[in-house]
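A.B. asks: Listed below are the residues making up each chain.
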Amino acid sequence: MNDMTMSSFVEMDDVSLRYGEDGDGTLALEHASMRVTRGEFVAVVGPSGCGKSTLMKVVTGLWPATRGGVIVNSKEVDRPLSITGMAFQNPTLLPWRTTLDNVMLPLEIVQPHASQLSRDRKNYEAKARDLLRLVGLQGFESKYPWELSGGMQQRASICRALIHDPALLMLDEPFGALDMFTREELWLAMQDLWIARRPTVILVTHDLREAVFLADRILVMSARPGRIVAERTVDLPRARKLDMTYEPYAVNLVQELRNHISSAREAA
Amino acid sequence: MSDMTMENVAVGKTKSNVKRRRPLSRRKEFRYVLPWLVIAAMFLIWQLCVDGFQIEEFVLPSPAAIFAAAWEFHMPILQSAWETAVTTTTGFAFAILIGTAGGVLIGSSPIIYAGFYPALIGFNTIPKVAVVPILIIWFGVGPIPAVITSFMLAFFPILVNVATGIATVEPELQDVLRALGASRWQVIRKVGLPRSMPYFFASLKVAITVAFIGSIVAETVGGNKGIGSFMLTASSRFEVPLAFAALLVTSIMGIIMYTITSIVERRMTGWAMRGPSGGISVAAG
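In the order they appear, the protein sequences are chains A and B.
Heads up: the first sequence runs through residues 77 to 344, numbered per my numbering.
Heads up: the second sequence runs through residues 1179 to 1463, numbered per my numbering.
For the record, the hints were derived by calculation from the structure and aren't laboratory data.
Treat each hint with caution, since some may be false.
Stated by the list, open to error - Here are the computed distance ranges between Cβ atoms for each label pair:
{"no.": "1", "chain 1": "A", "residue 1": "G101", "chain 2": "B", "residue 2": "E1350", "range": "54 to 64 angstroms"}
{"no.": "2", "chain 1": "B", "residue 1": "P1213", "chain 2": "A", "residue 2": "Q192", "range": "45 to 55 angstroms"}
{"no.": "3", "chain 1": "B", "residue 1": "E1350", "chain 2": "A", "residue 2": "N328", "range": "43 to 53 angstroms"}
{"no.": "4", "chain 1": "B", "residue 1": "P1288", "chain 2": "A", "residue 2": "H282", "range": "40 to 50 angstroms"}
Stated by the list, open to error - Capping the alpha-carbon separation at 27 angstroms, the derived lysine-lysine pairs in DSS-like fashion look like this:
{"no.": "5", "chain 1": "B", "residue 1": "K1368", "chain 2": "A", "residue 2": "K198"}
{"no.": "6", "chain 1": "A", "residue 1": "K203", "chain 2": "B", "residue 2": "K1383"}
{"no.": "7", "chain 1": "A", "residue 1": "K219", "chain 2": "B", "residue 2": "K1403"}
{"no.": "8", "chain 1": "B", "residue 1": "K1206", "chain 2": "B", "residue 2": "K1368"}
Said to hold, decoys possible - Example chain B residues on the side facing chain A (calculated, C-beta under 8 angstroms, incomplete):
{"no.": "9", "residue": "A1345"}
{"no.": "10", "residue": "V1347"}
{"no.": "11", "residue": "E1348"}
{"no.": "12", "residue": "A1357"}
{"no.": "13", "residue": "W1449"}
In this text, all values refer to a predicted model and were calculated from it rather than measured experimentally.
Cβ coordinates follow ideal geometry from the N, Cα and C atoms, glycine included.
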């Protein structure tokens, strides 16, 4: 029993979700099931509009499932989880806060940090600075978001998602809007962060190289209404290097995922 | 030909770099002086017109006559201006309190919005001059009708702007906060309110002006105090220069209050005005 709960941190069982109140909205998910182990890095890939972002909202409890249930950390999800960190394609930093204050925002909300923050401000600030250094943002702590480049804003946004040591990190195409070089840099930064802190990560992406580079396991979703149709484990040693994504193993894996997705698109 | 001009422009540029003489219109000091020059010129033209066309004083008094009247009666004018300033700022303060609270409520809840907005629009379209006699019946002649009128005019723009700021928080940002377990009130406090500050201060500039109009209208329709009532008395005695002097004081008071709200705005929401001149430095300071 204990072993079960340990092994499955996120359990999504036969979930369907239809948007709209009257049951005539878009069916975004149908019979979607997945399991994620604690500390695992999972990537979800699929054709565009397949309900990847919906999947994230269901797992975090932001949208209730129409049918089926989600269990996270052995608790049924019936309201927004408070143990999640989220980052999106858009960095969504607050323009009236400095980078440091932006990163520290979750600490003002999540307990027990919120009640300790004023007393322990120095320690928390040091923690935020450490995190910013890890993604190469030292020296930018007191800059405002509009003084940072897009890639830097995204780094800060990822730090914000991690500052409160979330057990679950949800990334919704966080590198999607960046150029290739910045994206690869952030993959490395993301890997370092994951190795250092080992959160459970669910990464939604349409970049297959990204999925192969970062994830332990890749789930392929069908076209809308989405469900998981295939699953591949990535057997590459950590810490991975960017070159690995051009070696035959990774290239073949990308090719295979590609085929899955195009057949998923044709099926639709 | 075209090459020639290109070259000339280039040469001109290097020259100006060496000399660094900027045209008058680009200088900072000139911009500070400019409004005063405009006002002085207006008074000068006015004076010349009155003198040149020999306009009677009870039709249009000359600026000189107005200044003379203002100086002669400066004590009662200042007294009335002070009374108006007090009623206006009181009404304005209530407008800020109730307008902000109402804006937060309406902006954060679609149901409250749907229920109350039509009624608010209806209320706002009532001409406030028509309400003043009713207020006088209820509260008697005195400062209260002026306070209420200025409040009624000022609270609506504040409410609408705060509501807009709060209602337009990006959905993704709400998700980020809700996924941290933030309550609705926390989302409003951490994101909604700071985000609506630029809207709020923009509305203050409108609100202070209409609050002023409100109390003067109330004083004119039925008051025994304040600059509006002072103006009415002066004109009923055909002391036209004095009425104009009171008008001038009203306008100065309006400018002062507008300037104060502008300064507060720039201090509070420098992050929203990221122009090269000041925005960033104000925000950083």
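A.B. asks: Against each hint, give a clear statement of whether it holds in the structure.
C.D. replies: Hint-by-hint comparison with the structure:
For G101/A and E1350/B, the Cβ-Cβ distance of about 20 angstroms falls outside the hinted range of 54 to 64 angstroms, so the restraint is violated. At roughly 52 angstroms, the beta-carbon separation of P1213/B and Q192/A lies within the given 45 to 55 angstroms, and the hint holds. For the pair E1350/B and N328/A, the beta carbons lie near 35 angstroms from each other, so the given range of 43 to 53 angstroms is not met. For P1288/B paired with H282/A, a C-beta distance near 33 angstroms fails the hint of 40 to 50 angstroms.
Proximity of K1368/B to K198/A is assessed by CA-CA distance (about 21 angstroms); at most 27 angstroms being required, the pair is judged to hold. Proposed proximity of K203/A and K1383/B is contradicted: the alpha carbons are some 42 angstroms apart, above 27 angstroms. Restraint check for K219/A and K1403/B: the C-alpha separation of about 52 angstroms exceeds 27 angstroms, so the hint is violated. Distance check on the hinted pair: K1206/B and K1368/B sit about 37 angstroms apart at the alpha-carbon level, beyond 27 angstroms; violated.
Because the smallest distance between the Cβ of A1345/B and any Cβ of chain A comes to about 17 angstroms, over 8 angstroms, the interface hint for this residue is violated. Using the Cβ-Cβ criterion of 8 angstroms, the hint placing V1347/B at the interface with chain A is not satisfied: the shortest such distance is roughly 10 angstroms. The beta carbon of E1348/B comes within 6 angstroms of a beta carbon in chain A, closer than 8 angstroms, and the hint placing it at the interface holds. Proximity of A1357/B to chain A holds as hinted, the smallest CB-CB distance being about 4 angstroms (cut-off 8 angstroms).
A cut of 8 angstroms between beta carbons decides the hint on W1449/B: the least distance to chain A is about 4 angstroms, and the hint holds.
Of the numbered hints listed earlier, those contradicted by the structure are 1, 3, 4, 6, 7, 8, 9, 10.
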